[in-house]
Structures are given as C-alpha cells and as structure tokens.
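**Student:** Single-letter residue listing:
There are 4 protein chains.
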Amino acid sequence: MQTANKPGTIVDVQGQQDERQVAIDKVGVKDVTYPMILRTRDGKTQTTTAKINMYVALPHHQKGTHMSRFLEVLNDHQSEPLTPDRIPEVTKAIRDRLNAETAHFEASFTYFMCKKAPVTEMAGLMDYEVTFECERNGSDETSSFIIGVAAPATSLCPCSKEISEYGAHNQRCRISARVKFDGMLWVEDLIEILESAASSPVYAVLKRPDEKYVTEAAYDNPKFVEDIIRDLALSLDGDDRITWYEIDSENFESIHSHNAYAQITRDKSES
Amino acid sequence: MQTANKPGTIVDVQGQQDERQVAIDKVGVKDVTYPMILRTRDGKTQTTTAKINMYVALPHHQKGTHMSRFLEVLNDHQSEPLTPDRIPEVTKAIRDRLNAETAHFEASFTYFMCKKAPVTEMAGLMDYEVTFECERNGSDETSSFIIGVAAPATSLCPCSKEISEYGAHNQRCRISARVKFDGMLWVEDLIEILESAASSPVYAVLKRPDEKYVTEAAYDNPKFVEDIIRDLALSLDGDDRITWYEIDSENFESIHSHNAYAQITRDKSES
Amino acid sequence: MQTANKPGTIVDVQGQQDERQVAIDKVGVKDVTYPMILRTRDGKTQTTTAKINMYVALPHHQKGTHMSRFLEVLNDHQSEPLTPDRIPEVTKAIRDRLNAETAHFEASFTYFMCKKAPVTEMAGLMDYEVTFECERNGSDETSSFIIGVAAPATSLCPCSKEISEYGAHNQRCRISARVKFDGMLWVEDLIEILESAASSPVYAVLKRPDEKYVTEAAYDNPKFVEDIIRDLALSLDGDDRITWYEIDSENFESIHSHNAYAQITRDKSES
Amino acid sequence: MQTANKPGTIVDVQGQQDERQVAIDKVGVKDVTYPMILRTRDGKTQTTTAKINMYVALPHHQKGTHMSRFLEVLNDHQSEPLTPDRIPEVTKAIRDRLNAETAHFEASFTYFMCKKAPVTEMAGLMDYEVTFECERNGSDETSSFIIGVAAPATSLCPCSKEISEYGAHNQRCRISARVKFDGMLWVEDLIEILESAASSPVYAVLKRPDEKYVTEAAYDNPKFVEDIIRDLALSLDGDDRITWYEIDSENFESIHSHNAYAQITRDKSES
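Residue numbers (our numbering), protein chains in the order written: chain A, 1 to 271; chain B, 1 to 271; chain C, 1 to 271; chain D, 1 to 271.
Because the hints were derived from the structure by calculation, they are not lab data. Just so you know, not all the hints are guaranteed correct.
Identical chains share a label here; the pair holds if one copy fits it or two copies do between them.
To be verified - Below, computed lysine to aspartate or glutamate pairings styled on EDC-like, alpha-carbon distance capped at 20 Å:
| # | residue 1 | residue 2 |
| --- | --- | --- |
| 1 | LYS92 | ASP240 |
| 2 | LYS92 | GLU250 |
| 3 | LYS51 | GLU250 |
| 4 | LYS51 | GLU129 |
| 5 | LYS115 | ASP231 |
| 6 | LYS207 | GLU101 |
Next up, chain A with everything else stripped away, as it sits in the complex (with noise of 0.2 Å):
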C-alpha cells in the first residue's frame, strides 16, 4: 500500500479501489443495541429495546463501506426519536449516506400489549418478538416492508383428546408471520390475528375463574400444528391488506423433548 500515514492526513482505505470484481449482497453492522420509541394502535407511546442490523449493498469497485456512518446515521435522529414510521426514511438516509444502491434495516424489539383476563378481567402486560424490515433501492422512491411477530399461544392436541378418556396433551407454542401489507396495519392486528389461530391465547394474569376458563376452551378447541398454520393462512388469505405472508408454528410439545413444526410461506399477488 503506497499511502503513507501522515499526522493530519488519514488515509480512507475504505474509500480505495477493489479488483476483484466481486459485489457484496450486504456488508454493515449487526446487533446494534438502540432504543425505539412505538406508537401504539390504543394512541399512546412504548419505548423498547432494539436489536439493529443495518446493510448496504456494495458494488464490486469499492473497497469497503464506512460502518461509523450506519451508527451516524441513527444518532443524528436522535434529537427525533427513532420511531418506526421513520424507518424508511432512515434507510434511505442510509442508502445515500453510504452511496449504495441498496439498503436494508432490520429492528427486533419486544412489544407490550395489554391483555384482559377472559373473565376476571384483570389486565397484564403481555409481551411478544417484533420485527421491522424495510429495503429501498436505488432508483426506486418506494420501500419494501414487512412487520414480523411472533406470540406465544396454547395448543391442544387433537389426536391426544380424542383417543384419551380424560385430559389431552397441551403445550405453549410459538407462533410467528412475517407480512407485507398495503395501507395499515397495525401490530396488534397481526398478534389478534395469531393468537386467533391457535387452541387458547396466553395471559399474563389468570386468576382461578380465568384458569377455568381458558383451561376448558383450549380442550373445546383442539388443533394440530396443521391446524394452527392452516387456519392462520386463511385468516391471512382473507385480509386484504396482506400481500404476502411467510408463517410458522412450533409447538414445544409436552409429550416429547422436540417440537412440532408448520410452516407456509404464500405470494398473493401470484395466485
């Protein structure tokens, strides 16, 4: 390397030329911790914790990118909150910050909902894995999205009641959808949806009478991880909003050490 480290003059390596001739699909920084600030669909605001990747596409002349600038890009917006409608314009921030073609954001925060008791009707909080991704391309003055969630439910085994004379094996599962959508949609519409798929929600507060409750009506509902992940691409098929939809169910089964596993990924628009 001919450049010589002068004091006051710091040579750019990242800037030089590459020969190579090989394009990166994404180079960046992964697991940024940072936080953000969510409005809610109830009006109010949640500051959570993030978990950040930040890419760029970098085209096969340049030698690297400059990571500090993804960082920069998120601190000058901290005079305005990072707030999730100011994603795209963040990741078009980035895209021209680092003269990429292309830039990826990705978020993954836990959200809170409050959720009343089925009876009783005392709320807790409930907490459940969100994702935000956007992408924009060059030339293009539109941003992909897509909202990523991922709840807990209960799942009752249908072949277990129905074979049993008493009881049926149930167990937690963990239900999750990546979507992209037109017009709104929010986060709590995708963890209704979700949680509508599956035997019985899961709450943060039950006392006795909810207990009783939720304890009969996920033996009145039983479902396979099938039935789960089928019914929760109907719901999907049938809301306009969603375009595309890639979802799954685990069930961390009772009955064995491994889980039960559905999954469906669907493009509407090619139907």
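Once you have looked at the hints, place chains B, C and D on chain A.
**Tutor:** Just chains B, C and D now, with coordinates in the frame of chain A:
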C-alpha cells in the same frame, strides 16, 4: 381429593395443607418480561424492557404458592411505573401478599449510556447488561440489594505483544461484577470502574482519528484476563461503598475458538 | 518491561512476578469443545461432544497462568480417550502442570438413553443434558465430584384439573439436579429419579396407544412445580448414596408466556 | 367428530380429510437430538450429536402428518448408524413413509478436525459447526444436497493498521458457507477454503513460538469483513465442484459492542 368442584365455589388447591415436611427455598415465576423506568446519573430517565424473576420461600406445611399474585404485585404498580428505587418495596409486597418469610426479586435489562469517542467526541449510545437483585427476610425490615453490570471492552495480550515483532492479538471481552454496597452507587459508576480495568473501553461510534487512538491505547495497555480481574479487584477494594463483590472477565480470544476466563469473589467485611 | 525479545529466547511473560497481592479464585479456559466417551449402565459406550471449562486458583505472586497447558493436558490423554472415570486424574494433572493449589474441571454434554414407549414398547433415544464437575485441592488426595442432570418431563396442573369441567393445562418442564454422592451413581439412576418426580416422563417415540396412556397417566398424576420439587427432594433424601443436592424445576406454562420455577438446596450431612 | 373411541380401535385423527384447501410447505419435527457417525477425510470415523429437523410437504386434503413416523424412520436405521452418505436414503424413506411429495432433512452438529500449531506442530482438536440439508421431490429420483460449515477465524482491520503508529485491532470472526456441489466435497475441504479467506486461522493449542507466528501473520494479512467475503467468493468461484453458494462473515469487533457483517449469495449456473 375430597374437594368438590361446584359452580360458584372454586377450590383453592394451593392453599391446602402439605404433609411432606419439605420446605422450598425458592418458588415463583421466571422470565416475566416487563417494562422498567430507570433514573440515570445525569438526571434523566430511561425506559427499558426487563426479564424479571420473583420468588418466595415456601414453608413445609403449605401446598403451593399463588403464582398469579406475583403478577398482581407487578401490575399494582402500573399506576406508578416500576423503578429501581421501588424494588425493595415491591419485594416487601411480594413477601406480604404471599405470606412468605423471604422474598427475592431479580430484574435484568439493557442500560444505555451516551459515550463520546475519545478524539472526535462524537456521541453514541453504548448498551450494558444490568441486573438488580433484592431479598427481604421476614423479621428484617431492611433489604439486601445487589447491582450487577456486564460491560464489553477490549483486551490486548501482553505475551503476544512482547514476543511478536509487530502487532498483538486483541479481542472483545465481557467484564462483569455483582456488588453489595453502602450508600449511593450509580450503575454508571460501576460501568466506569469495569471499563477502566480493560486494555481499552469499546465505543458505539469511532471515526478514523478515534480508531487510531483506541488501537494505540490498547497496544500501550496490554492486559491478560488475570490483569483485568486483579485491577478490577483493586478498584473495588479501594471503593469504600463496596462491601462485597463477585467479578469475572471472559475474553473471546481472537486466536482460539475457546475463551480465557478469570473470577474472584470477596466479602470485604471478612478481611 | 525490561525483557528483550531476542530471537531464540522467547520471554515467559506469564511466569513473571506480580506485585498486586491479589489471588485469583479461578482462572483458565472456558467453552473448549471436546469429544468424550461415556460408559453406560448397560455396559456399552457412548461418544459425545462436551463443552469443557478448566480452571486453577492462582496465587497472588504469579502474574499469569499458562493457558495452553490446559489444552495440552486434554491432548495428552488423546491416546486414551477422555472418559468420566479419568476426570479426577485429569483434574489432578491440571493442578500439577499449572503448579496450582486447586484445580476445577467441568464438562457438559448430551447423554442418550434408549427408552421404550409405555404400551407399544417401541424404542427411541432420549437426550439429557449432563454435567460433571470435579475439584481437587492441593494437600487433599481426594476429589470432590458433582454429577448434574437435566431431564425434560410433563407437568399437569392440579388446580387447572380440579377447577375445570374437563381438561387440565399441562406443559413440558425441565427438572434438574446437581448431586454429591458416595459410592456408585449412574447418570441413568439420576435420570430415573428425576423423571419419577414429574406428572409423566416424556418419550422420543409414541404411537397412538402410548399417547393415550401418557395423556391419561399425566391427568391421573397432577403436580404443581412445588410437588415436583418436593417429591424429588424426598427421593434424594431417601437415597443413601446422595450426600448433597441442588435441585430445580422450571415449567414452561402452556397458559402463560412466563415460567413457574422452584428450587431446593440441601446438605444432608448438616441435618 | 363422529368417531367413537372404542377399546381396540384407536381413531386415526391425522388421516382424516381436510376441507380447508390449504397445502402446507413444511410440517414435521424440529430439534430432535440424535447421534451421527461421520467418515473423515483421513479415513477415520467420528461420532457426534446432531440436532435434526425433518419435514414433509402436506397436500391440502390431508388433515395431519404422523409425527411419530419421522422418529421411526430415524430408529429404523439404528442397526446401521446414521451416516451422512445415508441421508438421501433416509430423506427418501421419510417421503415414502409419510406419503409425501417432498421431504426435507436437516442435521446440525459439531465436527472435529485435528489441527497442528503452525510452528511447534503441537496437535489440537478444532471444532466446527456443520449442517447437512437434503431435499427429495416426488417424481425426482435425485436429491438436492447442501453442506454448511461455520469456522471461527481471526480478522485484523486494514484501516486500524494503516492509520495507527503501532498495533491494529483484531478479533474473532465467524465465517460460514452453505454450498451445493457436484462430485465429492469433504467438510474438511470447505473448512480449509473458509479459513484461508481470513487474516489467520485460529487454533486449539498455541505455544509461544506459535502465538508469535499467528500474531505476525494476521498483522501481515489485514482484511476487512468485505475482503474476507470477497476472497471466499473468489475461492468458491474457482472451485469447479461448487455450483451454488451462500456465504457470510460476522466479525465480533474488538473496539465495538456490535458486529461487522457481510453476505453474498451466488448461483454459478446463472452466470
């Protein structure tokens, strides 16, 4: 079981007598996800998402604890948000509501500190893992309280530096401390003590002049994992607020796939 | 540092004197992945992959330990494979090679047991998490040895069963024990003790008649997390080989997103 | 449900018709822990513990798959141990036993390679994460097969080296590749390709002369995450056996608490 399940009277199974003569050290709820609000040393507040464990000691004669009451205690305090200074009070409320001799409360969460790069002074948010643990015994009206902090840092190997013509292997390490203390101890104080034991702190944003500074500073301050843990021990020995500590450092060696590790526990009242 | 870095003489940095007067409780290598061969109770052998930690206590006057020697001790024994009965000898070799007062050895690995379904007797492999811990003190020619086992199982809620017209929520739980013992204790013995404390064991393969059996057996044997831990304590109290135990159970509640947890530690020599 | 639960006739709930008209892409069992035996390039064998996922595509008209049959297929092969060359056959057996169009099999496990230190040639076991994925379609009598390998390595920052008077930050990185290929490709071949893309490989055991060598070698071979991924792409482009690859590198930056990341996917048949 002779109890009948009549409509209108739901049996209190947990409240029944137990004949097994086995007391339980800790019983309760684990991995409750819950928001917390923290006061920072510079007079601001910070909202974070905590994983909370709440346990009581159960006397031998009682069949079960009432798990939902732990959640009720948390929710009672929703009008006033859960803040660290209210943890002793919440721990006492758990003990009282569960009729227990002893109650334990543990919360783990991400804590942010704004840190300036060493040369350009560009600001960025650093994230730390923090734990608060509180225990309250029956007759005792005081609580024992432990603050735990884990901080990422840089370690640079003195042996590698000494024996090599140029360069020295270095790596990210994770330094952590759990401490008991008298008086006022900010999380920020403990973070600063941890970071000063490493070859160099790490930063959220570093521009080129900062990267040069940090690279040279680490090279000028080589430390084995043994040096880090000893220098940390000396700092805590010299801080009169600290009465007990358990410290460790784990170095994610850049030349191996395993880690170097060191640990010291010390009760200062015993020396 | 006055040491010169001349060709042919590579300085022993770790062997130098340390002036800080701080002894280190444990220093060594963590998360070394290594194969192990286990003898099983039915007279066969089993090869597994272990995560190994090896530590020594470092006296205050010695600057550093020689990390590579831990690995050399492991590799010395490659001609004879690493088996559990050789762990005390390996621990002693670590203590001797590192000139330490005390040496610790910990290995965690998956252990398989062939288990037959309860009705069809179809065989399947169940996997368990097992830990061996050994400590050797300088003057003492015996080792302390701890076996740890974690087993998945089913728990069915007595309250849910009692108060509901039909059904009962149940879930996978994880029961674990660390024990000190006299004489011979097979991992398989401990697994059987753990599993018998649950509402039902779990299985690798269950055909429909087995699933019916397991569903009904769990319903006939409802247990709170408190019952599991107490019944496990009673079993270990009644086993004369066991001299000390630390046990816990974590139930992944199917009706909540948090877990129920109970824990007991007991030194039988103290009662 | 009209099916009666008579003694002697246990209803096949899964075998019933489904009216929802929703086909499922993948349904099956996840996280089955199971032993595997691997042939190594040097003609030996190695026993390891795998996490296995097995899925089939379920046609829209069938209510459920028979989860226990996946486990039965694994156990059928207990007389002959599960080896990688038998994975296509096992995948076919899953497809046939489950009456499915398509079957997927995935196994992830630790793989050991004996590696000699670069100067002293002291031998030590290095561990790598390896994945085998196989898919079999109905009409097609061939299988698609993917080998995945992740290897730890050292990366040393070219910018830090260039701009600093002395030293350069370096860190452990994790380089991984999933590849499709023609002919014979050993896991060991792929590991060597991955490691040669880094600033230096990492080792299990390094004595002082080795540590000096590795430190200087990394300093002489600085690489951004972009350089690692590009050099790896060039190696795979130049290897005629490889027909498709997905590669990434994640660098656990020693000066930050976040990671640097780069990723490339390429289908060589398309260029």
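**Student:** Against each hint, give a clear statement of whether it holds in the structure.
**Tutor:** Hints and how they fare:
1. LYS92 <-> ASP240: Result: close neither inside a copy nor across copies, 28 Å intra and 39 Å inter.
2. LYS92 <-> GLU250: Neither, since 35 Å and 24 Å both go past 20 Å.
3. LYS51 <-> GLU250: between (23 Å within a copy, 15 Å between copies)
4. LYS51 <-> GLU129: The answer is both: 11 Å in one copy and 14 Å across copies each meet 20 Å.
5. LYS115 <-> ASP231: Classified as neither: same-chain Cα gap 22 Å, cross-chain 35 Å, threshold 20 Å.
6. LYS207 <-> GLU101: neither (55 Å within a copy, 23 Å between copies)
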